[in-house]
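Undergrad: This is what each chain is made of:
4 protein chains.
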Amino acid sequence: MKEYLYKQLSVAPDSKLTNLSRVIYIFILLSIITIVLESEPSISFGNESTFLTINYIFGFIFLIEYICRLYAVGLNPEYSGFAGRIKYIFSFYAIIDLISFAPFLLIPTASESFLLRVFRVLRLFSLLKTSKHATGLILIGNVIRDKLYELMFAIMLTFGIIFISAVCLYLAEGEIQPEAFGSIPRSLWWATVTLTTIGYGDMVPVTAIGKILTILITVASIGIVAIPTGILAAGFSEALSELKKGKDK
Amino acid sequence: MKEYLYKQLSVAPDSKLTNLSRVIYIFILLSIITIVLESEPSISFGNESTFLTINYIFGFIFLIEYICRLYAVGLNPEYSGFAGRIKYIFSFYAIIDLISFAPFLLIPTASESFLLRVFRVLRLFSLLKTSKHATGLILIGNVIRDKLYELMFAIMLTFGIIFISAVCLYLAEGEIQPEAFGSIPRSLWWATVTLTTIGYGDMVPVTAIGKILTILITVASIGIVAIPTGILAAGFSEALSELKKGKDK
Amino acid sequence: MKEYLYKQLSVAPDSKLTNLSRVIYIFILLSIITIVLESEPSISFGNESTFLTINYIFGFIFLIEYICRLYAVGLNPEYSGFAGRIKYIFSFYAIIDLISFAPFLLIPTASESFLLRVFRVLRLFSLLKTSKHATGLILIGNVIRDKLYELMFAIMLTFGIIFISAVCLYLAEGEIQPEAFGSIPRSLWWATVTLTTIGYGDMVPVTAIGKILTILITVASIGIVAIPTGILAAGFSEALSELKKGKDK
Amino acid sequence: MKEYLYKQLSVAPDSKLTNLSRVIYIFILLSIITIVLESEPSISFGNESTFLTINYIFGFIFLIEYICRLYAVGLNPEYSGFAGRIKYIFSFYAIIDLISFAPFLLIPTASESFLLRVFRVLRLFSLLKTSKHATGLILIGNVIRDKLYELMFAIMLTFGIIFISAVCLYLAEGEIQPEAFGSIPRSLWWATVTLTTIGYGDMVPVTAIGKILTILITVASIGIVAIPTGILAAGFSEALSELKKGKDK
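Chains as they are written, first to last, in this note's numbering: chain H, 1 to 249; chain V, 1 to 249; chain C, 1 to 249; chain B, 1 to 249.
Be a bit skeptical, because a hint or two may be false.
SDA-like mimics (lysine to any residue), calculated; alpha carbons at most 25 Å apart, straight line [to be verified]:
| id | chain 1 | residue 1 | chain 2 | residue 2 |
| --- | --- | --- | --- | --- |
| 1 | H | LYS245 | V | LYS2 |
| 2 | V | LYS2 | V | LEU63 |
| 3 | B | LYS245 | H | ILE155 |
| 4 | C | LYS7 | C | ALA72 |
| 5 | H | LYS211 | C | ILE32 |
| 6 | C | LYS211 | V | ILE161 |
| 7 | C | LYS245 | V | GLY141 |
No lab work stands behind these hints, which were simulated from the structure alone.
Produce the entire structure from the sequences given, and follow the hints as far as they go.
TA: And the structure:
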């Protein structure tokens, strides 16, 4: 029984999620969806007690899971015995597990503390980390590590161009639109929104010189700002095709 | 006569559209253009009777086409005889054909039901599906199937980044701008519009912390959000050049 | 003298612009800049007579050029003799030359007709077409011709996705925002602005269903809409590197 | 002592920054951050004397650095002796060094002259230029030089498309929205903002013909406008992988 529980809570040899892990995974996903919906006033208003009950149920389920894990983990030589259990309780993922449900059971008002519930998102990662689904996350991690120097340089270049653009517009429009361009930090906001081509339109140059500067800056430097995008897309595409080749063999 | 009709309503051996198919194709396109124009009040207002007449004419044409198909389909061994005709009537494309014109002839007021007329767009596909023009659609279908794992992973990653960005801004600006960032679903709208670089500007962070977060998030993650774009563009470009090579041989 | 003029008005054997051609080229550029500046009321207001004089001078210069060309073209066997001159006058580029200055000399009020002056932009192309600078334009023309099938397909796909997105939002928000989504043509504007990631923000979905649809549509299909961009960029980059290789040999 | 100072102020043989250079580098960065923060009224208001003091301290530090450099530079054969020192004082980087601090020590009110302080950004480059961190900047410089013809052509093409789009919208909406499209320069602003997909939304076509033109222009030409981005991204990615290959050998 203990052994079955231990196996079900661990990862299968073929690195698939076990049936129990899948059920827990679904519960975590459902509890995150509950948090998302609860945060929306037009949904939660008038249904506070319903959400409180749902949160209690999830808290109770995660409590049971926590106890089961604590009980079964003894089979792992690293955490066997009483000392091992104490060691497990203070392990990184066990603390995340605890934080993600304990407050809601102990203090009902803690239910309002959104930040604590965000830990459930971390739980998703802690479950995923050992499964085969993690290969994708490892892959993107590898791409970022592989191309780190290029990416760092390209991102620094991006920030450099954003900074210079911000200084240009600060000098050009700082006095005419003090609210939008009256300081470098304010101009930085405009420069980021413009050079990433988001273009909210909350801050727009209005003078002739400001507009001419913007035209020259954007046409000349959007290409440079898009370099990290190109590096990441190319690196990721490459890594995935290599992974595929490796699988085909 | 029956045989000629059957050939004209089918696809030619060289997978070209027959002359009759082309005429029907043009009628479907015209009927879709009519629907588009009719939906615009400044065009349809005062011309309701004209549009009603046009719709009746299209309905009648599609009725004749339907009867012809029903008559000629007997030459197809699968649908020969009375039982075969009944089978044909309940086949997928025959039902689409029927829905796309029948309501407008039977109940004039059904003409207002826009949704039923959308089926005519499906008819376009049903006609195209067997012609050589379909190779393009098959191609894009193949690219999506080929790169499905990569695309799914990249799109999930995109949604993950959008979700985390939404949570960040919900925590940063939720209380200052409850209308825009007062819940995670509301923040999700902002996060999607920002990270896809659409940037409507209907919801814009206004606090210093919100803006700094947005600058860091956008510069760091627009590259990741653009990965599906890169995968699709590369895959499509590759598939097209292979298709060309195959044709050149 | 006539021969010198003919040579100067033609293209040099090494396909460089001759000195006279360069002078004319600069005059055309200056006359276009004049047109651009004149169109701006804050610049032209109060300076109407100045601009009229400048336009007269440009018109006179282009008249002299036209007469010189007509005189010198006789050395071209195709246009020699009186009949050849008549033939030249009715040739495509001679008509463009004539339209680009004649109205401003004959009827002063024609100066206000902007459209006629746009012909001067065409003159730029007519001058460029034979020079070595044209290789770039020929190149991009070749890339577009080479990838025509792919581009046409990708652009049709783009319009297809834009159309379907427009229909979705028309059904979702047509009744709530009739001004923005009250008909398919209106929704088409929104769909184009959104899927090209321009995002003006003049029309924005406001309902939950409209926003959810937009999130799903944009994340899934921005990749597809960006395919023509990828094809063009790749094709152009390829063609340029091949051109370089050819030159290096 | 003099030799130690000279070595510390120069670049190490392995082109790493020396310890002293790092300290100076950090001081320049801090002084730039101070300038950025000081420009923001909500931060500087009431703290003017604090910022004045900080600026004095930075000015004093940079004065000491300047004197040290002037003293130690004598070991460089090019700048040895009195004449060499004079030559050094009028060298490009020494002038930048001087401008970046002298005015703030001599005239306190010069502290308000933002432009002079921008020279400190130049100092960052002057320090970086000899270090190994400069390889990245040299690399991007090389990529731009390598692809100069392609980039220039693509950027000219971009401006050409922007110009033609601006003329189209000027003709279509110039009379209906004189503020936004009433002249070609005004339309140029709209065309740049639209074709770079920034889309502020401060100027939006409102007529049917203007919107149809915009739809056709954007779908057809966003691909062409994105060519410089593609060229830069590809060239940069290529150059970085070659650099890596060279290092691996």
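Undergrad: Which of the listed hints are broken here?
TA: 1, 7
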